[in-house]
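Protein chains: 2
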Amino acid sequence: MTLQATLTRAMPVPEPIGSGVAATVADDIRKAGRLLPPKELEDALRTAGFARYHIHHPFHKLMNAGELTKGQMQAWALNRYCYQSAIPKKDAIILSRSEDPEFRREWRKRIADHDGEDGAAIDGGIKRWLKLAEGLDLDLQMVQSRRYALPATRFAVGAYIDLVASSSILVAVASSLTELFSPIAIGERVPAMLARYAYINEDTLSYFTPRLHQAPRDAEHALSLVTRWADTPDKQADAIEALLAKCDILWAMLDALHSAYVTPGAIPPGAFIPPPLQE
Amino acid sequence: MTLQATLTRAMPVPEPIGSGVAATVADDIRKAGRLLPPKELEDALRTAGFARYHIHHPFHKLMNAGELTKGQMQAWALNRYCYQSAIPKKDAIILSRSEDPEFRREWRKRIADHDGEDGAAIDGGIKRWLKLAEGLDLDLQMVQSRRYALPATRFAVGAYIDLVASSSILVAVASSLTELFSPIAIGERVPAMLARYAYINEDTLSYFTPRLHQAPRDAEHALSLVTRWADTPDKQADAIEALLAKCDILWAMLDALHSAYVTPGAIPPGAFIPPPLQE
Numbered sequence: 133m134t135l136q137a138t139l140t141r142a143m144p145v146p147e148p149i150g151s152g153v154a155a156t157v158a159d160d161i162r163k164a165g166r167l168l169p170p171k172e173l174e175d176a177l178r179t180a181g182f183a184r185y186h187i188h189h190p191f192h193k194l195m196n197a198g199e200l201t202k203g204q205m206q207a208w209a210l211n212r213y214c215y216q217s218a219i220p221k222k223d224a225i226i227l228s229r230s231e232d233p234e235f236r237r238e239w240r241k242r243i244a245d246h247d248g249e250d251g252a253a254i255d256g257g258i259k260r261w262l263k264l265a266e267g268l269d270l271d272l273q274m275v276q277s278r279r280y281a282l283p284a285t286r287f288a289v290g291a292y293i294d295l296v297a298s299s300s301i302l303v304a305v306a307s308s309l310t311e312l313f314s315p316i317a318i319g320e321r322v323p324a325m326l327a328r329y330a331y332i333n334e335d336t337l338s339y340f341t342p343r344l345h346q347a348p349r350d351a352e353h354a355l356s357l358v359t360r361w362a363d364t365p366d367k368q369a370d371a372i373e374a375l376l377a378k379c380d381i382l383w384a385m386l387d388a389l390h391s392a393y394v395t396p397g398a399i400p401p402g403a404f405i406p407p408p409l410q411e
Numbered sequence: 133m134t135l136q137a138t139l140t141r142a143m144p145v146p147e148p149i150g151s152g153v154a155a156t157v158a159d160d161i162r163k164a165g166r167l168l169p170p171k172e173l174e175d176a177l178r179t180a181g182f183a184r185y186h187i188h189h190p191f192h193k194l195m196n197a198g199e200l201t202k203g204q205m206q207a208w209a210l211n212r213y214c215y216q217s218a219i220p221k222k223d224a225i226i227l228s229r230s231e232d233p234e235f236r237r238e239w240r241k242r243i244a245d246h247d248g249e250d251g252a253a254i255d256g257g258i259k260r261w262l263k264l265a266e267g268l269d270l271d272l273q274m275v276q277s278r279r280y281a282l283p284a285t286r287f288a289v290g291a292y293i294d295l296v297a298s299s300s301i302l303v304a305v306a307s308s309l310t311e312l313f314s315p316i317a318i319g320e321r322v323p324a325m326l327a328r329y330a331y332i333n334e335d336t337l338s339y340f341t342p343r344l345h346q347a348p349r350d351a352e353h354a355l356s357l358v359t360r361w362a363d364t365p366d367k368q369a370d371a372i373e374a375l376l377a378k379c380d381i382l383w384a385m386l387d388a389l390h391s392a393y394v395t396p397g398a399i400p401p402g403a404f405i406p407p408p409l410q411e
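From first to last, the protein sequence lines stand for chains A and B.
Using our numbering, you'd call the opening residue of the first sequence number 133 and step up by one each time.
Using our numbering, you'd call the opening residue of the second sequence number 133 and step up by one each time.
Read the hints as simulated data drawn from the structure, not as lab findings.
Here the structure is a predicted model, which means the values were calculated and not measured.
Do not take every clue at face value.
[Claimed, not checked] So, partial list: chain B residues that the calculated Cβ filter (under 8 Å) puts toward chain A: (1) Arg184; (2) Asp247; (3) Ala291; (4) Ala388; (5) Pro400.
Just so you know, even glycine gets a beta-carbon here, dropped at the ideal spot from N, CA and C.
Between the sequences and the hints, there should be enough to build the whole structure, so can you do that?
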């Protein structure tokens, strides 16, 4: 099945709910002290998380509308590399915090997905992200150095690492639940990018193809753990807040890109400067 | 001496040098492998650091020009509280990493400056910052919860904590050297705020008065340690990069404020929303 064909099966995009609603859900659970049944907790996670998912960010909307310059696309790919390359480290921290070999075996797949495997037919996610960067004519050494990324990108990624390292394993796993919405983002982004940016082709976007089955597999696993582990109202509220904290991280990365590369003249000192005259 | 009179003695503001120059200084030192004499290292730190200091940020320029709304000033004070309240924690980490009672005795003054002392004539810096927040009609519980701060602010503060906790003590101390330039920022900001915002008075700005002697005392101590401890070219380069990393943290905090509160409609979900019709 081609990437395009796969994507036509992606879920439709629901309307976002108002901001601020999400935090209140966790507050309400904590205050009421009533344990939600698993299905209600799942609904609360889906609703609260999707409302704050970065799919609604102006920068993604510009990207999907075909309105970003090549320089802005480069800045996105270069910054997002910092996030992509930190994922296996984040997952290794989670692995290191579990006593349960069954959990670790399942969670280890995430590391393999991003770091790749010897003799595998397809590269790991990090290499595939570099393919995207290469397709955008970025110098790969520059990308891999992470030195020209926005400081705010590095800080947001550091906050993600810190969240999984210093919180409960429930919170660490719940923070991964943004994967629930990832097929929606990919379903919007890939066809839009193929249609609206002449220099982008299916090969450049190969990162996203396996994510369409990896992300739902991972999200389902994490969701089953979170609904099982969150066995008090406080833990249920913790899980929702963890998902929102992760949404904040993804949102802040796009805020930083938008602020630096959409507003003229606002690139922080030392960060990547797109080459002139690229459209 | 009144605050205004003290400030007339503040240093004039030199022109910033071009971006990117600073990183190159550390690169050059590392590459050349030549140990700079202490005075040259000090000059390199002052030049590279000042070029990237947040005094040059558009948000500070708007503030000093009297062009921020009261809501934008509130957002600044509310977000900056996250930074102010983390300073004693940051300094306690540095304290915990030293084996030297003499160093710890000197460095401990920083904690006392911000947390205050029993029976002292003036409050600590955190309380004085809350006075500023109160003068701007902010609800202090909301400020102290840090919950309505921009996620990017919290991530930048977290990166500062992480920097001092996980790097060498040389790097931790060198990252404090932004204090070298703090009297310049205060010297610009305080008279501008008093002149251009009707609702701000000297009492509201009492945070800044003791900083005018505390910051130079602290910066001098840190500078003498850094120039002594950085006894290889690599360590000298580390020290410069630490100062730049700290400049990035301060800059990113203003980027986040500028992006959220100067651009219409760009406040991230869940963050502080200024009350309407405040000018």
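Comparing the hints with the structure gives:
no.: 1; hint: Arg184; verdict: 5 Å, holds
no.: 2; hint: Asp247; verdict: 23 Å, violated
no.: 3; hint: Ala291; verdict: 4 Å, holds
no.: 4; hint: Ala388; verdict: 7 Å, holds
no.: 5; hint: Pro400; verdict: 5 Å, holds
Against the hints set out earlier in the document, a violation occurs for number 2 only.
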